[in-house]
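**Q** With positions in the sequence shown counted from 1, the corresponding number in the working numbering is that position plus 36.
Simulated from the structure, these hints should not be mistaken for lab results. Do not take every clue at face value.
Claimed, not checked - Straight-line distance between alpha carbons at most 30 Å, and here's what the computed BS3-like set of lysine-lysine pairs gives:
id, residue 1, residue 2
1, 199, 153
2, 193, 141
3, 171, 141
4, 171, 199
5, 87, 148
6, 153, 171
7, 153, 177
8, 177, 199
9, 141, 87
10, 142, 87
11, 191, 177
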Amino acid sequence: MENKTNGLSIGGMVVGILSLLISFIPCIGVLGGLIGVVGLILSIIGYRSAKDSGGPTTIAIVGIVLSALAIIIALAWGTFMSRASNNATTPLEIETCEEVLAEMKKTTSEMKVLQDKGDDAGFGDLSLIINSTTKLISIQKAAEEMSCNNDPEFKAKMDEFAKEIED
């Protein structure tokens, strides 16, 4: 009697591969998690079917692992995107143009640390990059709301700060 691999196992593995590939794409990686759930279900059903019929279960196990990885990566993307969204919508408690400049300097120094890491920056640094970037956007928004850019003294300080960053 020949042991044939069942279609659900193969389907689960193919969907698992697709979901894993999609989960690495920024912004739409969360969809990879949803597709991964489908791959996980197909693979589990294929595994049980293969086990009950005495067929090979390897392909189903590969599908389960790939789908689970896609779900984990998609959850990580979702967490990063959620944090970035929260940071962008959380108002800063800045009341003066001097505080705008101070926050700008503080945030850019945090980003400078990441820049100095270069290729040694890891996946965990992605959260810091997202947080710093969204904080800079909030600082710029605060500067616009307070019309800091219309103040010649503030503008001169910002130009001086921009030159420091370039060096």
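**Q** Against this structure, judge whether each hint is valid.
**A** Hints and how they fare:
1. 199 / 153: This hinted pair holds, its Cα atoms lying about 22 Å apart.
2. 193 / 141: With Cα atoms ~11 Å apart, residue 193 and residue 141 stay inside 30 Å; holds.
3. 171 / 141: holds, 12 Å
4. 171 / 199: Distance ~21 Å between residue 171 and residue 199 Cα, so the pair holds.
5. 87 / 148: violated, 55 Å
6. 153 / 171: holds, 20 Å
7. 153 / 177: Holds: residue 153 and residue 177 sit about 28 Å apart, inside 30 Å.
8. 177 / 199: Distance of about 21 Å is within 30 Å: holds.
9. 141 / 87: Status violated; Cα separation ~61 Å.
10. 142 / 87: violated, 59 Å
11. 191 / 177: Distance of about 15 Å is within 30 Å: holds.
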